[in-house]
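Peer 1: What follows is each chain in one-letter form.
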Amino acid sequence: MADVLVGAPSRPKIQIVPVRGLPVVAVVLAGLVATIAANKLWALEFYHVAGGGMWTALDLFLGFVIGPILAKMPVQARAEFSARFMPKMLLIMPTLVTMTLASGWQLARLVGNLEVGYPKHWWLTASFIVVGVMAVIAIGVLEPANIAVLFEMRKPAPNGEVIARLMRRFIYTAGITGAMQIATLIIMTRLASW
Amino acid sequence: MVRKLPPIAEIAVGAMTLIIVGGITLASRLPRPAPMPVLIALLAAAAVLVLVDVMLLARLRDFAWPLFFKVAKWTLLAYAVMYGMLEFTFVYDHVGGSTLAVLTLMLVVIAIDVPLLFGFSVARYAGERQAAS
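These protein sequences, in sequence, are chains A and B. If you read the first sequence in my numbering, its first letter stands for residue 28, the second for the next number, and so on. If you read the second sequence in my numbering, its first letter stands for residue 423, the second for the next number, and so on.
With the rest of the complex left out, here is chain B (with noise of 0.2 Å):
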């Protein structure tokens, strides 16, 4: 039987798409201005579903925290890593102002969201067979 858990891992990838679909619509209208409106938006939304996921996750019992902050803090890295390359490219194609800021708040939103995401993935097996045993 496999361990009834809250959809974080659904909310998750919600917050990565609203995020992706923020980079496809301004990498869609370049070299012309950023659509900032449609865009702040996306982030906003993908920032509360992130956080709404960190409340569901806090308040989760007998869950694999340890390997749950294992898998999370590896893939930060790695990620960080792609994000790193993302941002370089975009400083070095003179992206600024506001566009460059909200283009690092999304990195930054699916730095929380992926790692988040892995953990949760992997833990969540680990704390099923923990409850059961």
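Chain A with its partners taken away, still in its complex shape (with noise of 0.2 Å):
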């Protein structure tokens, strides 16, 4: 039985979506509706750049940082991170994708960065497929995984060969998410400057 995790005395009581949180997600989420009904540039601006900085520097510090610690970590020690990490997270970065998206689509109709003719139009239909990209692996690899994985870690004899494998996906796709953001500064930071 060596693939199970037997409880640790110090494992937390894993909450899967931490419930205090939820009011600072609708509370933006609210301020988003606004921006856009709104259509202010400013207001516009603000929810792009801070929610795409947030989001890129979130996943390049995981895919570079965390990722490789994490990789070299026992399972136990993973799991026990996991359990704190990935219930924050799972209120953070779709939170995160939603503002910027959303603030994003609406910025670039304001500014008619999307009136712009081809060939210099394939640097937002590049944006599109760096997005594109990224919501697939996240949404349909990275989020299952790390979803499984809480769940797991709440039964009574957690099993380690499930955590690692789960985990082991989390380490590859957060450095391929990674790797997307390099591709999303180079192709903002250009159209920024049109």
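It is possible that part of the hints are untrue.
Claimed, not checked - Example chain B residues on the side facing chain A (calculated, C-beta under 7 Å, incomplete):
1) P453
2) M507
3) T526
As the list claims (entries may be wrong) - Which residues of chain B face chain A? A partial, calculated answer using Cβ under 8 Å:
4) A431
5) S450
6) V544
These are computed hints drawn from the structure, not numbers from a lab. Even glycine gets a Cβ: it sits at the ideal position worked out from N, Cα and C.
Make one complex out of these two single chains by using the hints.
Peer 2: Written out as structure tokens, the structure reads:
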């Protein structure tokens, strides 16, 4: 039974979604709706730059700092880290992604970026493709694995083999999204200097 | 040992990819008219994949259905907020007619696909443990 993580004394009680964070998310999303409805340049810039900056920084940090550290840690330590880290990410990442993309689209409409013809328009299309790839990785691979790890950790005797396999997914996909964020930085700084 | 299950997660990711390709195709053409035949083909293919997934799921035995529905239900609620934001933006930007209809149907397909994927991803391991015990 070497693959079963037997109850470590300090194992936290795992809450899949940190309920205390929900009001913050609600306030951020309400502000986003108000921003889009008002269609003001500063507010849209604020949501897009603040959200996008945090999203990019988090992905780069996870992909190139936390990911390699986690890869070298024992399964028990990875699981303990995940139990405390993943629930917070479950609220933070979708909120940042929603505020960045929704305000970014509206901003592009407002400043007329969508009207620009090809071949210059390829920069915009490239940004859609990068976001699309990240969405498939995040929603299709990363997030289901994160949630499965949390549910596994809630069991009286979590299966270490399952956690290790799912965590490997986290490490690899975090690296890929980190690399995609470098592309995002190049594209976005290019668009901002049109 | 991991229980061998049909490729439900892989098919769900395939359906999601088709919807996202549709979204990119549409967004990359704006403000010009959307290439409707391409979008409809992508939407139909994604819908077929989701249908196949639902059929494969329905045939599973010894599966942790309560956990599946618990995760799927909360995922649907969370993503409904995100899809609601997207729909709000489309309507606010006066996207209308067949383009809005296709976009809304794409959101509906992905609203079934993502909860199904999350629910399956969690319940498959619970099922494995239950089957083993």
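Peer 1: Mind listing which of the numbered hints don't hold for this structure, in increasing order?
Peer 2: Of the numbered hints given earlier, the structure breaks just one, which is hint 3.
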